[in-house]
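Student: Chains A and B supply the protein sequences, listed in that same order.
First residue of the first sequence: 1, per the working numbering; consecutive thereafter.
First residue of the second sequence: 1001, per the working numbering; consecutive thereafter.
A portion of the hints provided could be inaccurate.
As the list claims (entries may be wrong) - Some chain B residues judged to face chain A by a derived CB distance under 7 angstroms, without partners named:
1) LEU1005
2) SER1006
3) LEU1024
4) GLY1025
5) ASP1057
6) SER1058
7) GLY1062
8) VAL1065
9) SER1066
10) THR1069
Bear in mind the hints are in silico, worked out from the structure with no lab data behind them.
For glycine and all other residues, C-beta sits at the position ideal for the given N, C-alpha and C.
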Amino acid sequence: MERSLDSSLESVDHAEDLAVGLARRAGFDEEDLIKIGLAVRESMVNAVVHGNRYNTNKKVRFAASMNGSRFTVRIADEGEGFDYAHLPDPLAPENLLRTSGRGIFLIRSFMDDFHARRLEPGGTEVTLVKFAVSK
Amino acid sequence: MSVKLSTRQVGDVSVVDVAGRITLGEGSSALRETLRDMVSKNQKKILLNLGDVSYIDSSGIGELVSGFTTVTNSGGQLKLLNLNKRVKDLLQITKLYTVFDVHDDEAGAIRSFA
Chain A
1 MERSLDSSLE
11 SVDHAEDLAV
21 GLARRAGFDE
31 EDLIKIGLAV
41 RESMVNAVVH
51 GNRYNTNKKV
61 RFAASMNGSR
71 FTVRIADEGE
81 GFDYAHLPDP
91 LAPENLLRTS
101 GRGIFLIRSF
111 MDDFHARRLE
121 PGGTEVTLVK
131 FAVSK
Chain B
1001 MSVKLSTRQV
1011 GDVSVVDVAG
1021 RITLGEGSSA
1031 LRETLRDMVS
1041 KNQKKILLNL
1051 GDVSYIDSSG
1061 IGELVSGFTT
1071 VTNSGGQLKL
1081 LNLNKRVKDL
1091 LQITKLYTVF
1101 DVHDDEAGAI
1111 RSFA
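Turn these sequences into a full structure, and let the hints guide you.
Tutor: What follows is the structure, given as structure tokens:
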């Protein structure tokens, strides 16, 4: 499943719905669906707000797939890039009362794998992975 | 459904019943405006009833923190009531659960405001 989405908050909701729908059909339980939905939401917000900065001329590429037990979502913006490697620790005492900076932490907490890469000539692509567990 | 906020007074405690989604955009800004309005009216004891909150994201968490800081800095108290499992889990993994004074019982929460 692939989509080219506008840089809007409506696209955030849409991507979340698409990812959760696919994950549900793949057999993930409700608890995992909540985690996947929130992780996709946070990634889309980063792409729309921090990456593309709501620029209507820029798109967000969204792709989701299920391959065996591996559920993968890729989200790419056309922004100026973001340094995912050097983020403040939101759990540090001095950061606990910060009003932002928890999105990536939540994504990492809820997914089994998360990584980001810079795109050429510009933009950032994040990959989120969740493994289905046989029950 | 976005967020729906309604306020009521129980003694000298202002209770804000929050329902729906506290997410980036309308949901989080509505909560921010409500709390700022209460602080501007010198309301010092605020209880946020989150029992009907179906969804909260990092932006919503940020608004809870912002509200807590705003109310505390004005000399007031902001407490939380009726967290569902989803909200409670989020506050626990972000280590905010111990920052907030959290209650499961409204009468007890009202009494806890000294």
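Student: Identify whether the interface hint at B:THR1069 stands, where standing means a beta carbon of chain A within less than 7 angstroms of its own.
Tutor: holds (6 angstroms)
Student: Using the nearest Cβ pair, does B:LEU1024 come within less than 7 angstroms of chain A?
Tutor: Holds, about 6 angstroms.
Student: Does B:SER1066 meet its interface restraint, that is, does its C-beta lie within less than 7 angstroms of any C-beta in chain A?
Tutor: Holds. Min distance 5 angstroms.
Student: Under 7 angstroms, Cβ to Cβ, is where B:ASP1057 needs to be relative to chain A, so tell me if that hint holds or is violated.
Tutor: holds (6 angstroms)
Student: Return the status of the interface hint for B:SER1006: holds when the least beta-carbon distance to chain A is below 7 angstroms, violated otherwise.
Tutor: violated (24 angstroms)
Student: Is the hint on B:GLY1062 kept, meaning its closest Cβ partner in chain A is under 7 angstroms away?
Tutor: OK, holds: B:GLY1062 within 7 angstroms of chain A, min 4 angstroms.
Student: Verify the interface restraint on B:GLY1025: the C-beta must sit less than 7 angstroms from at least one C-beta of chain A.
Tutor: holds (5 angstroms)
Student: Could you check if B:SER1058 really has its C-beta closer than 7 angstroms to a C-beta on chain A?
Tutor: Hint holds; B:SER1058 Cβ to chain A Cβ min 4 angstroms, cut 7 angstroms.
Student: Given B:LEU1005 as an interface hint, is the shortest Cβ-Cβ distance to chain A below 7 angstroms?
Tutor: violated (19 angstroms)
Student: Taking the closest Cβ pair, is B:VAL1065 under 7 angstroms from chain A?
Tutor: Interface hint status for B:VAL1065: holds (5 angstroms vs cutoff 7 angstroms).
Comparing the model with each earlier hint shows violations of hints 1, 2; every other hint is respected.
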